[in-house]
Amino acid sequence: MVDFALTEEQTSLRDMARKFAKGEMAPHAAECDRAGRFPEEIYRKAWELGLMNLNVPTEYGGSGLGLFEQCLIVEELAHACAGMTTSIIANCLALEPILLGGTEEQKRRMLAPFCADYHLASFCLTEPSGGSDAGSLKTRARRDGDSYVLDGEKCFITNAPFASLYTVFATMDPTLRHKGIVAFAVPRETEGVLPGKEEEKMGHRASATSTVRFEGARVPVANRLGAENEGFSIAMRTLDQTRTPIGAMSTGIAQAALDHAAEYSKRRQTFGKPISEHQAIQIKLADMAQALHASRLLTWQAAWTIDRGGRGSLESSMAKCFASDAAMRVADEAIQVFGGYGYMKEYPVEKLLRDAKLAQIYEGSNEIQRIVIARELLERYA
Amino acid sequence: MEIAVLVKPVPDAESRLRPDPKGLGPDPEGVKWVLAGYDESAVEQALLLKEAAPGTTVRAISYGPVARAEEVLRAALALGCDTATSLEAPPDASTDPVAVARALALALARHPASLVICGKQAGDDEAGIVGPAVAELLGVADVGVATNVRWDGGTMALTLDRSVEGGLEQVRIPLPVVLSLQQAWNDPRTAKLPNILKSRKAHIERIAATEVEAATAPSASTAARRVSFRLPPARTGAQMIDYRTPEEAAEKLVRILREEAKVFP
Numbered sequence: 300m301v302d303f304a305l306t307e308e309q310t311s312l313r314d315m316a317r318k319f320a321k322g323e324m325a326p327h328a329a330e331c332d333r334a335g336r337f338p339e340e341i342y343r344k345a346w347e348l349g350l351m352n353l354n355v356p357t358e359y360g361g362s363g364l365g366l367f368e369q370c371l372i373v374e375e376l377a378h379a380c381a382g383m384t385t386s387i388i389a390n391c392l393a394l395e396p397i398l399l400g401g402t403e404e405q406k407r408r409m410l411a412p413f414c415a416d417y418h419l420a421s422f423c424l425t426e427p428s429g430g431s432d433a434g435s436l437k438t439r440a441r442r443d444g445d446s447y448v449l450d451g452e453k454c455f456i457t458n459a460p461f462a463s464l465y466t467v468f469a470t471m472d473p474t475l476r477h478k479g480i481v482a483f484a485v486p487r488e489t490e491g492v493l494p495g496k497e498e499e500k501m502g503h504r505a506s507a508t509s510t511v512r513f514e515g516a517r518v519p520v521a522n523r524l525g526a527e528n529e530g531f532s533i534a535m536r537t538l539d540q541t542r543t544p545i546g547a548m549s550t551g552i553a554q555a556a557l558d559h560a561a562e563y564s565k566r567r568q569t570f571g572k573p574i575s576e577h578q579a580i581q582i583k584l585a586d587m588a589q590a591l592h593a594s595r596l597l598t599w600q601a602a603w604t605i606d607r608g609g610r611g612s613l614e615s616s617m618a619k620c621f622a623s624d625a626a627m628r629v630a631d632e633a634i635q636v637f638g639g640y641g642y643m644k645e646y647p648v649e650k651l652l653r654d655a656k657l658a659q660i661y662e663g664s665n666e667i668q669r670i671v672i673a674r675e676l677l678e679r680y681a
Numbered sequence: 103m104e105i106a107v108l109v110k111p112v113p114d115a116e117s118r119l120r121p122d123p124k125g126l127g128p129d130p131e132g133v134k135w136v137l138a139g140y141d142e143s144a145v146e147q148a149l150l151l152k153e154a155a156p157g158t159t160v161r162a163i164s165y166g167p168v169a170r171a172e173e174v175l176r177a178a179l180a181l182g183c184d185t186a187t188s189l190e191a192p193p194d195a196s197t198d199p200v201a202v203a204r205a206l207a208l209a210l211a212r213h214p215a216s217l218v219i220c221g222k223q224a225g226d227d228e229a230g231i232v233g234p235a236v237a238e239l240l241g242v243a244d245v246g247v248a249t250n251v252r253w254d255g256g257t258m259a260l261t262l263d264r265s266v267e268g269g270l271e272q273v274r275i276p277l278p279v280v281l282s283l284q285q286a287w288n289d290p291r292t293a294k295l296p297n298i299l300k301s302r303k304a305h306i307e308r309i310a311a312t313e314v315e316a317a318t319a320p321s322a323s324t325a326a327r328r329v330s331f332r333l334p335p336a337r338t339g340a341q342m343i344d345y346r347t348p349e350e351a352a353e354k355l356v357r358i359l360r361e362e363a364k365v366f367p
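Residue numbers (my numbering), protein chains in the order written: chain A, 300 to 681; chain B, 103 to 367.
It is possible that some hints are incorrect.
Listed below are the simulated SDA-like cross-link pairs for lysine to any residue, each with C-alpha atoms no more than 20 Å apart in a straight line [to be verified]:
| # | chain 1 | residue 1 | chain 2 | residue 2 |
| --- | --- | --- | --- | --- |
| 1 | A | K344 | B | T292 |
| 2 | B | K300 | A | S463 |
| 3 | A | K344 | A | S463 |
| 4 | B | K300 | A | Y359 |
| 5 | A | K572 | A | H592 |
| 6 | B | K134 | A | T357 |
| 7 | A | K565 | B | E116 |
| 8 | A | K565 | B | G339 |
| 9 | B | K303 | A | T357 |
| 10 | B | K300 | A | G360 |
| 11 | B | K303 | A | D314 |
| 12 | A | K344 | B | G339 |
| 13 | A | K344 | B | G255 |
| 14 | A | K565 | B | K294 |
| 15 | B | K294 | A | A304 |
| 16 | B | K152 | B | G255 |
Since the hints were derived computationally from the structure, they do not count as laboratory data.
Treat the numbers as computed from the prediction; the structure is a model and nothing was measured.
Just chain A, with the same shape it has in the complex:
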C-alpha cells in the first residue's frame, strides 16, 4: 500500500525542524546573506539539538535517521535559509565516506568526536580543473611506509575554513582513472593541510566555502577509507545518499518562494483589488504550486526507495535535478509577483533565486544528473 501520510514520529521531527528554522535561522538569514557571515552560534545550536550528523547511526552517537526523515528536516531548514542548511548538512556528506568505507575501528574513532561535541567536517572531491569528471582527479597520494603523502588542491569545499576533518579523494596513478582513486580521512591539524580564504559567493552566503591545499600532507594508513582502488566507488555511493536531500533543500526554497508570493499577492493591490484576484497572478501561483508539489513527491519517493534498500540512482537524480530546476523557476516567478520590490534586497525573494542556483550546480550538476537519468533509462530498453 502506498502511503503519503507521515507517521507521528515523522511529524514531530518535521515540527521540531520547523521550529528551529523559524526561531533560530530565519531571523538571521537576511543579515548573514548580506554580510556573508558564517553564523557559528546557529550551527552550534543545530548540533546541540541533534540536527547535524543526521545520517550517523545511533550506535556511534548520531541521530541515525533514514533518508526520508533527513529530507523532511532539510526541507524545513532550507525554508528559512538554504545557505545555513548547506553548512548544517555538510557533515552528513563529509562523514558518509567513513560510514560507507570505514572499518568498525575507524567509525568508532572518527565519528565519536562529531557526536560528542560540535565539529565540522568537509567532503573534498572537486578540484579546480574538474568537478563532474571525478575520474580525472589530480590530487596525488603516494605511499611512504606506514603513511600516504598527499599533494594537490581541492576547491569549492563547504565548511572547509572551519572543519576539523576532511574526507579527501586522491589518485595513486592518474592513468588508472577511476581505479586509481583512494579515500582518506585527514585531520585538520595534519601538517601540510592548508584551507584557503573564504570565497565570495552569489548565494548560500551564510555557508563558508574555500579551497583546501595539501602540501606533502602525511596521512597514516589507518586513515585510509576502504581499499586503494575503492575511492571512486565510495565517492559515488556517498553522492547517491546525499543527492536526494538536495531535492529536499530545493523544495524548501520553492515552498518559501510560494509562501512569500502568495501572502504578498493578497496584500498588494492594483486596479482596485488584491493582485491575487487577477488571473495573471493566479496562473503563476498555480504553476508554482504544481512545480513545488511535484518536487516534494519526487524527493519523497527517491528517499523512500533508498530507505527500502534500493540504489535509487535514477530516482535521486530525478529528484535533485527536477526540484532544483523547479526551485529556480518558482523563485523567479516569486520575484515577478513582487514586481520591483522583488528585485530589491530589502525583500526576501531575490535571495531565494540566488540560493536556488547553487542547487542546480553542486552535488552533481543537473547536466550530469540528466546523463545518469538517460543512462539508467536506456538500460531498461536494452
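Take the given structure of chain A and dock chain B to it, following the hints.
Relative to the frame of chain A, chain B by itself:
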C-alpha cells in the same frame, strides 16, 4: 522529590480556528494540538528545578481526548519530563475547569507530588481556574502568577517572584504547594532530536474515561457550559498614506495619530 506539571493541549497558533457547525465551540477538524505558551513555561520551570536538585523526578499530566493529551505529553517527555499520565476525557465531557481539576486531582492522588506546577491559564480558553481548583481539591496552598521559582535552601521550600501592579514581590512558601506560572518569563528549551525519537516510544500511563467520569461526576451537573462560540470580527485593513516627500508622510501620519487614532493629544 516529586514534581507534577499539568499540561493542556491547545490549538497551535498557526491552526485556523472556526466555529463548529452548531456554533458551540471551535471546530477540532484540522486543528493541531500542541504544548504551548503558559504550559511550555511551566514545563521549563519544572525541568529547571529538577536540574537544580538531583533525584527530582517530573511527571507530566494531561486531561483530554487521548490523542491530543498524549501528543502534548510526548512533547513534555521529549523536553525532559520523566513520566507521563494521560486522563482520558469522557465523550461529551464538560470543559468546566473544576471538572478538569477533579480529573487532574485523580491522577495526583495516584502519584502524589510535593510540588504541582501549571500555567496560570490555558492558552485557548484562558479560564485560569484549574491551578487554584487543584490546590483546593488537594487541600494545599497555591500561589498564582509566579515566575523564577527556585529552591529555598533544601527542597522543602521555594522562593519565587510575582510581578504585581507597580512592583515585584518575592514570596517564600513551604511545600506542598500548587504554583500557577506566568507565561514567557523563561525561555523554554527546544526538544533534542534523539529525545523526540525516544518520546515517541515512551510509555504513557492512561487513566480510562470511565474512571475519570466517576471522579468528575459531582461537578458535571453544576458545571458551567459554553453555549456559543464565534470568531472575533474581521480586522479592518491597514490605512495606506499617499505622500510625495517623507515630510509629507510624517505630517499625515501625525495628523491621523492625533485626530483619528487619538494617540496624541
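We went through each hint and held it up to the structure:
1. This hinted pair checks out: K344 of chain A and T292 of chain B have alpha carbons roughly 10 Å apart, not beyond 20 Å.
2. Taken as a hint, the K300 of chain B and S463 of chain A pair is broken in the structure, with Cα atoms around 30 Å apart against an allowance of 20 Å.
3. In summary, the hint linking K344 of chain A to S463 of chain A is supported, as the alpha carbons are separated by about 18 Å, within the 20 Å threshold.
4. A threshold of 20 Å between alpha carbons decides the hint, and for K300 of chain B with Y359 of chain A the separation of about 17 Å falls inside it, so the pair holds.
5. Of the pairs offered as hints, the one joining K572 of chain A and H592 of chain A is violated, with about 28 Å between alpha carbons and a cut-off of 20 Å exceeded.
6. Of the pairs offered as hints, the one joining K134 of chain B and T357 of chain A is violated, with about 30 Å between alpha carbons and a cut-off of 20 Å exceeded.
7. Of the supplied pair hints, the one linking K565 of chain A and E116 of chain B holds, its CA atoms being roughly 18 Å apart against a limit of 20 Å.
8. For the suggested pair K565 of chain A and G339 of chain B, the alpha carbons sit about 12 Å apart, so the restraint of at most 20 Å is met.
9. Of the supplied pair hints, the one linking K303 of chain B and T357 of chain A holds, its CA atoms being roughly 16 Å apart against a limit of 20 Å.
10. The straight-line distance between the Cα atoms of K300 of chain B and G360 of chain A is roughly 14 Å, inside the 20 Å bound, and the hint therefore holds.
11. With a C-alpha separation of about 17 Å, the suggested pairing of K303 of chain B with D314 of chain A holds against the 20 Å cut-off.
12. Restraint check: the Cα-Cα separation between K344 of chain A and G339 of chain B comes to about 39 Å, which exceeds 20 Å; the hinted pair is violated.
13. Pair hint K344 of chain A plus G255 of chain B does not hold up; C-alpha atoms about 33 Å apart against a cutoff of 20 Å.
14. The straight-line distance between the Cα atoms of K565 of chain A and K294 of chain B is roughly 37 Å, outside the 20 Å bound, and the hint therefore fails.
15. With a CA separation close to 23 Å, the supplied pair K294 of chain B and A304 of chain A exceeds the 20 Å bound.
16. Restraint check for K152 of chain B and G255 of chain B: satisfied, since their Cα atoms lie roughly 15 Å apart, inside the 20 Å limit.
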